[in-house]
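A.B. asks: Each chain, letter by letter, is given below.
2 protein chains.
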Amino acid sequence: MKELGFIGFGSFGKFIIPYLKPYFDITVFDVKDFSTEAKALGVKWGALEEVSGKEFLALAVPVQYLEDLLIQIKDFVRPKSLVFDLSSVKVKPVELMIKYLPENVDIIGTHPLFGPQSGKNGIADLNIVVCPVRTKKNGNLIRFFGQELKLNVLERTPLVHDQQMAYVQALTHFIGRAVNQMDIPDVEQKTPAYQFLLNIKGNLGQDSMDLFYTIERENPFAKAVRDQFIEELYKLKDKIEC
Amino acid sequence: MKELGFIGFGSFGKFIIPYLKPYFDITVFDVKDFSTEAKALGVKWGALEEVSGKEFLALAVPVQYLEDLLIQIKDFVRPKSLVFDLSSVKVKPVELMIKYLPENVDIIGTHPLFGPQSGKNGIADLNIVVCPVRTKKNGNLIRFFGQELKLNVLERTPLVHDQQMAYVQALTHFIGRAVNQMDIPDVEQKTPAYQFLLNIKGNLGQDSMDLFYTIERENPFAKAVRDQFIEELYKLKDKIEC
Numbered sequence: 001m002k003e004l005g006f007i008g009f010g011s012f013g014k015f016i017i018p019y020l021k022p023y024f025d026i027t028v029f030d031v032k033d034f035s036t037e038a039k040a041l042g043v044k045w046g047a048l049e050e051v052s053g054k055e056f057l058a059l060a061v062p063v064q065y066l067e068d069l070l071i072q073i074k075d076f077v078r079p080k081s082l083v084f085d086l087s088s089v090k091v092k093p094v095e096l097m098i099k100y101l102p103e104n105v106d107i108i109g110t111h112p113l114f115g116p117q118s119g120k121n122g123i124a125d126l127n128i129v130v131c132p133v134r135t136k137k138n139g140n141l142i143r144f145f146g147q148e149l150k151l152n153v154l155e156r157t158p159l160v161h162d163q164q165m166a167y168v169q170a171l172t173h174f175i176g177r178a179v180n181q182m183d184i185p186d187v188e189q190k191t192p193a194y195q196f197l198l199n200i201k202g203n204l205g206q207d208s209m210d211l212f213y214t215i216e217r218e219n220p221f222a223k224a225v226r227d228q229f230i231e232e233l234y235k236l237k238d239k240i241e242c
Numbered sequence: 001m002k003e004l005g006f007i008g009f010g011s012f013g014k015f016i017i018p019y020l021k022p023y024f025d026i027t028v029f030d031v032k033d034f035s036t037e038a039k040a041l042g043v044k045w046g047a048l049e050e051v052s053g054k055e056f057l058a059l060a061v062p063v064q065y066l067e068d069l070l071i072q073i074k075d076f077v078r079p080k081s082l083v084f085d086l087s088s089v090k091v092k093p094v095e096l097m098i099k100y101l102p103e104n105v106d107i108i109g110t111h112p113l114f115g116p117q118s119g120k121n122g123i124a125d126l127n128i129v130v131c132p133v134r135t136k137k138n139g140n141l142i143r144f145f146g147q148e149l150k151l152n153v154l155e156r157t158p159l160v161h162d163q164q165m166a167y168v169q170a171l172t173h174f175i176g177r178a179v180n181q182m183d184i185p186d187v188e189q190k191t192p193a194y195q196f197l198l199n200i201k202g203n204l205g206q207d208s209m210d211l212f213y214t215i216e217r218e219n220p221f222a223k224a225v226r227d228q229f230i231e232e233l234y235k236l237k238d239k240i241e242c
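So the sequence lines, in the order shown, correspond to chains A and B. Note that UniProt numbering has the first sequence beginning at 1, numbered continuously upward. Note that UniProt numbering has the second sequence beginning at 1, numbered continuously upward.
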């Protein structure tokens, strides 16, 4: 069984590891000690140096911590290993991995377009974006996502990924967190469209602020989309209240 | 077969009349001449005076035109008939019907919580709110909605209806029309939450501006909800961009 090092035991890590466990011998590291929770999931806990030296290495930390992490692990990463991140943006993490990781290490950017809420009934047929950078082992990993995890694998450039994600994630999380703050009520007298708004609140309301800031701050196209949305709301407000 | 006068041949009228036709002998009036379209649907076209005198009378005009309409028809309405509106708000239309219609006429406010888009696959199990005001024939109509049209009938006061609809409709249409103006793209690399946002755009993007203004302007609680939403967006924007 291939060895997989997994750095970052946040809500996504805890969610996805059970799906990976049948295929990999997994060792987890996080800056916080989650060794008990890891063992409860049936995976090993290891020091950063040990985990970073595995043949496959997953980086599941918020993007704002990625550069520091790469500086810490770059000398531990094993030659010919494959390193892949799981961040919600792709331009910045791919640039950082190229900058810090040795040239003899394969790199692939990935973004699973689901989480504990949207994947609570299983992950088959959900989307994952992949950005292959250095590709000796990448083909295997991409086939694994499609054939074993049954994900819908979409190959994109980091730039196209982030441009589209400014709508798909930055706008949706902006709206979802605002209606979550308003605590919009679930009432029986509702329309199908309102049920969709409640679904957005339900899917995104549990996400961490770290993920929210990653999606909103680390995507270079997010601010323009947020500003355009607010501008359209004000145009409508003027028409309504004139 | 009971006679039904139907005033207002807009997109909702055209949508709902085929569902009513098996149970009523329908005559339609609109300020615009849609007599050809009405005959194509298999219903009669009549003058305002004739249509207003039927045993059942449906008012399916934008709320902003309702007062003028009631002034025009109040002397044509038949004693012991039942008049019901189909507006998206309830406080104002119910007040106007009570103010202008003779005391010997039954009145019920209704709000079908669906339209041509959300009801394109049928209306069974969708919601309709009813506000009984004068109730001799109302029980029959309410039973008809539930038993024949298979709608989920919710009895509410006009005030509670409008308070909840400030979220259910005013907020959702405000968001839906803004993302429709932005023309947010449907892309393959999407999340379940973004698909819900696209569904909101699809369900509401085709609605008329008359309906939009009814929902936003004629609901006394809508402005506060819109303003609260914009305020929450600005709080988030400050946190993101600090």
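Among these hints, one or two may not hold up.
Remember, identical chains collapse to one label, so a pair may be satisfied in a single copy or spanning two.
[Stated by the list, open to error] Okay, derived cross-link-like pairs now, DSS-like style, lysine-lysine, Cα gap no bigger than 27 Å in a straight line:
| id | residue 1 | residue 2 |
| --- | --- | --- |
| 1 | Lys136 | Lys21 |
| 2 | Lys235 | Lys223 |
| 3 | Lys237 | Lys136 |
| 4 | Lys223 | Lys239 |
| 5 | Lys21 | Lys237 |
| 6 | Lys32 | Lys239 |
| 7 | Lys99 | Lys21 |
| 8 | Lys21 | Lys239 |
| 9 | Lys99 | Lys237 |
| 10 | Lys136 | Lys120 |
| 11 | Lys223 | Lys237 |
| 12 | Lys2 | Lys237 |
| 13 | Lys21 | Lys235 |
| 14 | Lys99 | Lys44 |
| 15 | Lys237 | Lys74 |
| 16 | Lys223 | Lys44 |
| 17 | Lys120 | Lys239 |
| 18 | Lys2 | Lys239 |
Hints listed in this document are in silico derivations from the structure and should not be mistaken for laboratory results.
A.B. asks: Against the structure, test the hints numbered earlier, and report the numbers of the ones violated in rising order.
C.D. replies: Hints 3, 5, 7, 8, 9, 10, 12, 13, 14, 15, 16, 17 and 18 not satisfied by this model.
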